[in-house]
Every structure is written in structure tokens, then in C-alpha cells.
Amino acid sequence: MKMSKIMPRRMAIGALAAIAALASAGAAFADEITGAGATFPQPVYTRWAEQYAGQGGDTLNYQGIGSGAGVTQIINRTVDFGASDAPVAPERLASQNLVQFPAVIGAVVVAVNIPGVDGNALKLTGPLVGDMYLGRLRMWNDARIRALNPGVNLPAVAIAPVYRADSSGTTNIFTTYLSAVNLPFNTTIGAGSSVSFRAGIGAPGNAGVAGAVRNTRGGIGYVEYAYATENNMQTPMLQNRSGQFVRPSVQAFAASAAQAPWATAPNMAASMINTAGAANWPIVSATYILLPKNPADAERSRKVMQFFDWAFRSGQGAVDALHYIPLPAAVQNQARQRWCQVRSGNAPVWNGCH
Amino acid sequence: MTAVPFENSRKLHLGESLFKILLYVAACVVLVTLAAILIILFVSGKDAFARFGIVGFLTTDQWDPVRDLYGAAAPIVGTLASAAIALAIAWPLGFGIAYFLTEICPRRLRAPLGIAIELLAAIPSIVYGMWGFFILAPFMSTSIEPWLTENFSWLPVLPNDMNPLWFWFQGAPVGVGLLTAGVVLAIMILPFIAATSRDVLLTTPQLLKDGGYAMGATRWEVLTGVVIPAVRGSLFGAVFLGLGRALGETMAVTFVIGNANRLPDGFFAPTASIASIVANTFPEADAGSMKLAALFALGFILFVVSFFVLALARLLLRQGRMA
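Chain order of the listed sequences is A and B. Following this note's numbering, the numbering of the first sequence begins with 1 at its first residue and continues without gaps. Following this note's numbering, the numbering of the second sequence begins with 1 at its first residue and continues without gaps.
Watch out, some of these pointers could steer you wrong.
To be verified - Some chain A residues flagged as far from chain B (calculated, every beta-carbon gap over 10 Å):
1) Pro127
2) Ser196
3) Phe197
4) Ala254
5) Thr264
6) Pro266
7) Lys293
As the list claims (entries may be wrong) - Going by beta-carbon spacing under 8 Å, a handful of chain A positions derived as facing chain B:
8) Pro90
9) Ala94
10) Gly205
The set of hints was computed from the structure by calculation and includes no laboratory data. Built from N, CA and C at the ideal position, the CB exists for glycine as well.
I would like the entire structure built from these sequences, with the hints used as guidance.
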């Protein structure tokens, strides 16, 4: 008898404790916003998330699982936002009820390893680089490369193109550029996050490409600018649409970003590939965020917008430190306007809409 | 006929049958899971088989995500060729180690040496991959491959100069490619082949070997005349166990095979294996796309090939034991 009297009380206390633990765990979970997708901007998103949480903001859990998987996840609504390097097709955005805006801008550079040659002083053109990846240009002392670089003692070393073995937004940006400037490349290979290159070897990830270029005599590869600078890689000049040879630099990337047709491009998918302008670097691209227009949980969706609003205003330091380019201020406001399409019931979720 | 204990005790009998049912369930879970994986792989990949035809999919070497055209020939050839190179290196080496450990090695060295070889199996495959990519590949590129090119330049191009498909040891010494993948795989399967071969050799009756030595046979003669004929089938089984592991190895191969979705045209050529192509392209394959179907179809092919290789290994090992 005594036992049965004590037991329920103990059990009640235990149950209360369990409920309290569950409730607090639930609260902690609700404060965490989740995103998934592109790996290209992952360093920036991660740095932003650290700083935002450090200033008392919500925590962001971002999974760099690749653009394709990020789009799939936001279509299935398993995350609060998706991230993709390539803009999503307008029909797909409409059918899946998604709104798209750019978050940050990055650049892709070419890196080389040619014995006895200062790669930073080398001049190359898009058509030549395209021919290397087509297997049509095989030696570094080819007459076409020498004609661009008089006085440079180019060795008789085989050109060893290196590309990303994994599907990658970097590959998408790079092949979009090569397709724009090299017609045979466009017709035989084309642009995509993984393509069937006709020559060279594939290495996993940015780090793999950087390592393979460094390990291989005559290697040439393409990486995010941040990787090239952090690893002290030799990055040749490229000829832009205006015929100028430009060095990869944040200024040259920003010049491209400023001239992109942001106001007219549908869904803000403004191309910054091969833009005209004497100072423009030709391989620049924005990376995009996807939000559902009809969020299941409006509060979480608002928190995502608050995060990116904060990042646009205060995230400049992280962007600069990691060698990306921030969105121009006008483009940031354009992105905020797009958030007004996210609605709960009939009211916009974002506070900045009237 | 198995005797059932405590047959008369009703209570115990109930527990016994419950236990028996649980065991049946446990065994069935494995079989059902196996069958389910096979079915899922086939169903998810059937779009690729339907679009390109089973023969077409198996024999086309095109892998073009931009045009949505997929064929499995390049990764199938890459998988089989890298595994074959691995076997060609690891088989003699593994058998040599096994014979040394069972017959020639001083007794007190046997245990430490055996453990050292088995430790090779404990190294995670990603570590082999990184070692292969950062250490072995540059070494192959600067030392081994130029030496092979120089000394084997007399090998004729196959099938002929007008229609070249196979250049042996010609080609750019990039360091990563078919040969490097084979070497890394050889090191990875060596412990399996050595350990299984050692166990097989230990089953040779001592009486037979002593008989051979009593007749005045040398070690070599005992090996070739007595030991090998006695355990022949089982030795093949050991090799097939190693082959099964080599076929499915993913991470290490992805680092060193070069990841070019093309048929290799020589030992130095970069190519792809089924596992490496799936690992590389799976994350960005959209749900419902032909690319995803093609990757599932590749997984199905790898499953079937590995299944038959392992089944063959079991069969040979058992035959050897019965002989």
C-alpha cells in the first residue's frame, strides 16, 4: 500500500522533469534556422552565422550539400531556405512557389603550374582555356600561347587540365564562361555543374583541384578566388570582353558586379559572365537563396530574412576577409523587396513591406 | 533431427519457441534488407535501362550530364581494370606473405608480423586516398611512370596504329589514373588476401608436407607439388574475397583514379570507377532526373557484380575445404 502511494508521486515528478526537458529542447530547436545547398558560398554563410549568433541572433545550421540537393530540400520544405549557385529556372520557381534572391558574389580564377614560368604574369584567353579542356591545345609552348606572351620562355610541357570531379557550382560558373567564349566548347561539352570534359583529370573539391594543379607539371585548373589566394596559387590574366587582359582582383570582380543588369533580370538572375568593361574580370557570379512563398512556419521564415537583412548590413567584414564581393546596396534593397512575396495568410511575413 | 530440451515443460517450451521465432526474424531481416536494396536499386534505375536499353547502357561510354546521355561502359571498365591491376600486384605478394608466415618465418616473429599485416586492414580508406593523392601520385608522376614509359616503349599500340585504343605505358605521366588506383587498391586488399591465404595454407595436412620433405623435396617443390594442389580452390576463394573489396572501394579510388568519365587508353589514363562516379555526382543529382536513374542503375550493376564475385569466393573456399 505504501509503495503504491509513493510511486505515483515519484512518477509524476519524473514526468514533469521530462516534460520540462522536452520543452526546453523544443525551444532551443525553434531558435535554430536551417539552410542547405551550395558549397561555393559556404565559408561566408558559416562566418555570418558565427557572428550573428555571437551578437545574440538566432543560430543558423547551414549544410553545404551541393546546389542540386539544396534545391531538392527546399522543394520538399525540409529546410527553412535553400541555396543554389546557378539561378533556378523561372518555371520551376513558379511551380514550386519559391522566391529567389542573390546573397553574395564570388569569382572563379584560373590557376597554373608551369615549370620556370611566373603564372601570375601569363596572359590567356577564354577560347584558349576552352581548347585546353577540349583536348585541342596540348602543349604549353604552342604557338597560340606564345603569341600572347612574347618574351616568356614557355617550356615544352604537356598541358594537364584539372577539373572538379564532384558536381559543383564552381564548374557551372566556369563552363558557362567557356561556353560563352568558345563555340566548340559550347557545342561539344556545354555548361553545367558536372560536365563531360574531353581532356584532363578530375579532383575532388576546391582543395583537390588546388592540390592536383600544384602536384602536376603543366597543370591548369579553376578554383574559387579565395582558394587561390589562400594557397598562393599562380593565377594568369584573362582577356575580357573589351579585349583587356585583367588580373583577378576584388576590384575587377566588383566592376563586373556593378554592371550586371540587376533591375531587368527576371528573378534577379543577372549574369556577370563575360561582361563588357575595361576593368571587368570575366568569370563572376552571384549565388542564390531560395525561400518558400508560402512558409509552413512564418516565424522561422521571418528569422531567415532577419538573418540575411543583418548580413547585408553588417556582414561586409566577413565578405571582404573571405575574398567574396558584397551585393551593391541597390541590389540589397531589390532583394528585400522580393521578400515581400513571402506571405502568411494574406500578410507579408517580412516587416519591411507596407 | 535436433533434440528439443525440456520438451515436457510447457512454460519453457513457450519461451523456447519465442526465442526461436526471434532468431528467425533476425535472420529474415538480413535477407529482406538485402532483397529490398536490390529491388530499390533496380526500380530507381529502371528509367535509365528503359531509355538506353540494358545492352546500350552497359556498352556506351558516354557520360554527358549536360545532354542527359548516360552509359556505363567507362566506369565498368575502370572498376574491373583497376581491380585487375590490384589483384595482379596483391595476389603474388599476399600469397608470398602467407607462405612465409606459415612455413619459413621464425615462430616468434609470426604473431607480430601477422598483426602488422592485419593492421593494414584497419586503416580507414580515406587515409589511403589522401596518401595516394598527396604522396603516391606525385611519386608515380615523377619517378615510376617516366621509368615505365622509357622501358616499355616497345609494347605495340593495340589493336594497331591506325585505330589506337590502348597505349600501354604511353601518355602524360599525371600521377593519378588507372595504375595509381590499382596500386592503392593492391595495398588495401593485401591484408585480406594474405590473411585468408594464411588460414587456407594452415589447413594443409602436416602429414602431406612431411611426406614431401621425407621424399627429399625442396621447399619450392613441396609448395608447387603438395601444398598448392591441396588447397587450390580455397586460394582462388581468397583472391575473390580481395576482388570483392576492390570492386566496391570508393573513397580511396575517388582520390587517385582521375575521375574522368572516359574509357582509359593506357595505364596512366585517368578514368572512373562505378563507386567513384556515384560518390562524385550523387549530391547534385536532382530527384526524378535521368542522371539519378543512371546512378542507381550503376549501383545495381555494382551490387550484382559484387554479389556474384562473393558467391564465387564462398563456393571456392567451401570446395577447397571439402577436398
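Each hint, compared with the structure:
no.	hint	verdict
1	Pro127	holds, 19 Å
2	Ser196	violated, 4 Å
3	Phe197	violated, 7 Å
4	Ala254	holds, 29 Å
5	Thr264	holds, 27 Å
6	Pro266	holds, 21 Å
7	Lys293	holds, 20 Å
8	Pro90	violated, 17 Å
9	Ala94	violated, 17 Å
10	Gly205	violated, 10 Å
When the structure is compared with the earlier hints, violations turn up for hints 2, 3, 8, 9 and 10 and for no others.
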